[in-house]
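A.B. asks: One letter stands for each residue in the lines below.
Number of protein chains: 2
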Amino acid sequence: MATLTIAIDAMGGDNGPSIVIAALQRALKHFPQCQFVVVGDETEIHPLLQREKLSNHPRVTLKHASQTVTMSDKPGYSVRAKPDSSMRIALELVANDKADAMVSAGNTGALMTNAYFSLKTIPGILRPALMSAIPQAQGGSAFMLDLGANPVCDSDTLFQFGLMGSVAAQQGLAIERPRVALLNMGEEEIKGNDVVKATAQLFQQSALVNYIGFIEGDDLFAGKADVIVCDGFVGNIALKSCEGLADLLLDNIRSNIHNHWLTRWFVKLFYQRLQRSWDWLKPDHYNGASLIGLRGVVIKSHGDASIRAFYSAIEQAVHEAQQHLPQRIRERVEQLLLEQE
Amino acid sequence: MATLTIAIDAMGGDNGPSIVIAALQRALKHFPQCQFVVVGDETEIHPLLQREKLSNHPRVTLKHASQTVTMSDKPGYSVRAKPDSSMRIALELVANDKADAMVSAGNTGALMTNAYFSLKTIPGILRPALMSAIPQAQGGSAFMLDLGANPVCDSDTLFQFGLMGSVAAQQGLAIERPRVALLNMGEEEIKGNDVVKATAQLFQQSALVNYIGFIEGDDLFAGKADVIVCDGFVGNIALKSCEGLADLLLDNIRSNIHNHWLTRWFVKLFYQRLQRSWDWLKPDHYNGASLIGLRGVVIKSHGDASIRAFYSAIEQAVHEAQQHLPQRIRERVEQLLLEQE
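The listed protein sequences correspond, in order, to chains G and U.
According to my numbering, the stretch in the first sequence is residues 26 to 366, in order.
According to my numbering, the stretch in the second sequence is residues 26 to 366, in order.
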């Protein structure tokens with residue numbers, strides 16, 4: 026298996042670099058073919074690597090970055106004022122072919138803007154999109170995009186999201202003809218806004234996407250589609266609303282259980298099982314999100330990522346790098362251009 | 026207490042008139058001050074009323090309608106081709122001051138279009154909105170609107186939704202200065218699309234609304250706001266996505282419980298308790314939605330409403346009629362016009 030190099034922004038995220046280094050520890054075991062470049066403030070990172078006995082690890086390199094993008098930095102400011110941030114340096118490693126992918130738990134807006142600045146989009150791609158795997162009722166996953174990179178999208182952009190998601194699902198979910206659906210407020214053709222309707226027409230006209238029609242919010246997890254397309258405003262709100270409901274339900278279960286004498290002893294066993302299984306059901310927290318459409322693999326881990334979540338983001342970076350996802354998307358875009366001629 | 030008359034469209038909904046009549050039975054007990062006009066096909070409704078011993082009830086009137094709006098009727102068609110539908114007749118009773126409110130579980134699009142046609146909006150109100158109460162973490166509810174009446178909204182319309190929601194929360198939730206928030210993909214002022222940003226400015230400039238800023242999807246149920254404003258496209262998708270997730274989680278719990286030998290016996294008691302409590306957490310299913318901004322009270326019950334859900338919609342109609350909600354909104358709009366002079 027070819028050697029891969031993964032660049033890790035160790036300074037991003039709410040929980041500090043120690044989470045990142047613990048996740049790296051796990052990744053080193055699981056991916057013996059991977060090199061890791063840890064980017065961050067060396068006075069902070071080096072002791073952590075030493076503590077975990079990784080400072081002399083043959084597959085770990087520490088790369089110093091004198092700046093850190095904070096969670097409150099404005100995207101434009103982070104690009105202009107922090108050229109030596111750990112985030113930017115990790116991205117530049119990918120841009121300069123020194124790494125095959127990068128992972129960051131940093132400020133989403135800053136990551137998108139820096140990634141766009143350093144990597145640029147694949148030729149022909151209008152906008153990168155934030156994509157994540159969401160769980161489905163019968164098991165398995167669907168890819169949903171955009172989750173917040175683009176608050177406003179035109180129909181050409183949404184069409185490309187479907188195209189990119191389709192390639193990603195072929196590679197990542199091993200589905201030959203992924204079913205692509207558009208998220209809408211109704212299933213009938215007359216429903217929704219003009220952009221959604223125009224996008225539906227573009228899908229219907231293209232042989233490159235296996236378009237199956239509109240899907241409503243209540244079918245987001247129903248296993249009806251493999252790729253779910255929406256603009257970043259709707260996608261972000263839909264997924265975060267689900268997160269909010271999951272929290273509410275967990276609270277509700279807790280109080281339901283506590284209220285009943287028969288069930289009080291039951292709490293520990295059952296509730297913890299459930300909570301564990303629900304981590305997975307909060308896709309925004311658990312899965313990394315791919316910033317696809319760029320000339321390199323960029324994975325965004327949740328700012329509040331646990332060790333497991335950050336490890337899962339690294340895993341995703343490895344998979345997308347192995348699949349050469351940007352290259353696969355580039356090929357599909359070239360097919361699209363031929364189709365349009 | 027003043028006598029109120031509630032018009033009930035008995036033909037709407039997926040579950041047929043028998044659900045409606047059973048809910049009416051319950052409403053008669055709970056609201057001794059109310060008269061009910063049941064509108065529908067008398068050959069179908071009369072036997073149901075007889076069976077429930079309601080055909081000679083002093084507070085129940087049956088009004089025949091020769092037509093029924095089906096779930097697949099296009100809104101415009103239902104207005105043009107079905108002037109004698111049970112839905113329209115019930116609305117006309119409100120328009121002609123023969124009833125104080127109407128309730129229907131029929132086709133949402135048709136109900137909105139017929140209601141707009143029969144009742145018109147309150148002077149100064151641009152668009153009616155679909156509003157529902159959604160549960161909050163510390164108990165209680167918040168009002169969310171629009172949930173699907175308007176797929177595209179400008180900032181003036183969203184501002185008015187905040188104004189109407191605010192009046193509704195004062196009346197319905199007994200909150201003196203309801204906290205009004207705008208649903209957005211981030212809490213920072215730079216986040217979101219132009220319409221959301223322009224609406225935020227309108228709210229900030231008005232003394233008539235206690236605006237508290239942006240709210241993200243994951244805070245939808247967190248008790249941070251009393252009124253949550255969004256366009257119908259986003260609102261519909263956010264709430265339905267939550268419904269989808271609730272279904273997925275319920276499945277997940279079931280299989281989690283079943284998988285464990287210790288817990289299998291536990292299923293019946295626990296799962297049913299949970300399912301009952303979750304009905305309430307699926308706001309779209311359980312609560313009626315108010316179509317506010319019209320010159321009369323119109324409550325939409327879910328197409329798939331149970332007896333309890335339809336009863337709850339009737340209850341809501343009674344409350345809004347008692348509160349004279351359309352009149353209260355009219356007064357606030359007049360204040361708004363003064364403010365703008």
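Please note that the accuracy of each hint is not assured.
Since the list gives no way to pick out one identical chain from another, each pair is judged satisfied if it fits inside one copy or across any two copies.
[As the list claims (entries may be wrong)] Keeping only pairs whose Cα atoms sit at most 25 Å apart, straight-line, the calculated SDA-like set for lysine to any residue is:
hint, residue 1, residue 2
1, LYS249, GLY211
2, LYS216, ASP179
3, LYS216, ASP181
4, LYS78, GLU364
5, LYS249, ARG76
6, LYS54, LEU227
Calculated directly from the structure, the hints in this document are not laboratory data.
A.B. asks: Look at each hint and say if it fits the structure.
C.D. replies: Hints, verified against the model:
no. : hint              : in the structure
1   : LYS249 <-> GLY211 : within (15 Å within a copy, 29 Å between copies)
2   : LYS216 <-> ASP179 : both (17 Å within a copy, 18 Å between copies)
3   : LYS216 <-> ASP181 : both (19 Å within a copy, 23 Å between copies)
4   : LYS78 <-> GLU364  : neither (54 Å within a copy, 68 Å between copies)
5   : LYS249 <-> ARG76  : neither (47 Å within a copy, 42 Å between copies)
6   : LYS54 <-> LEU227  : neither (45 Å within a copy, 55 Å between copies)
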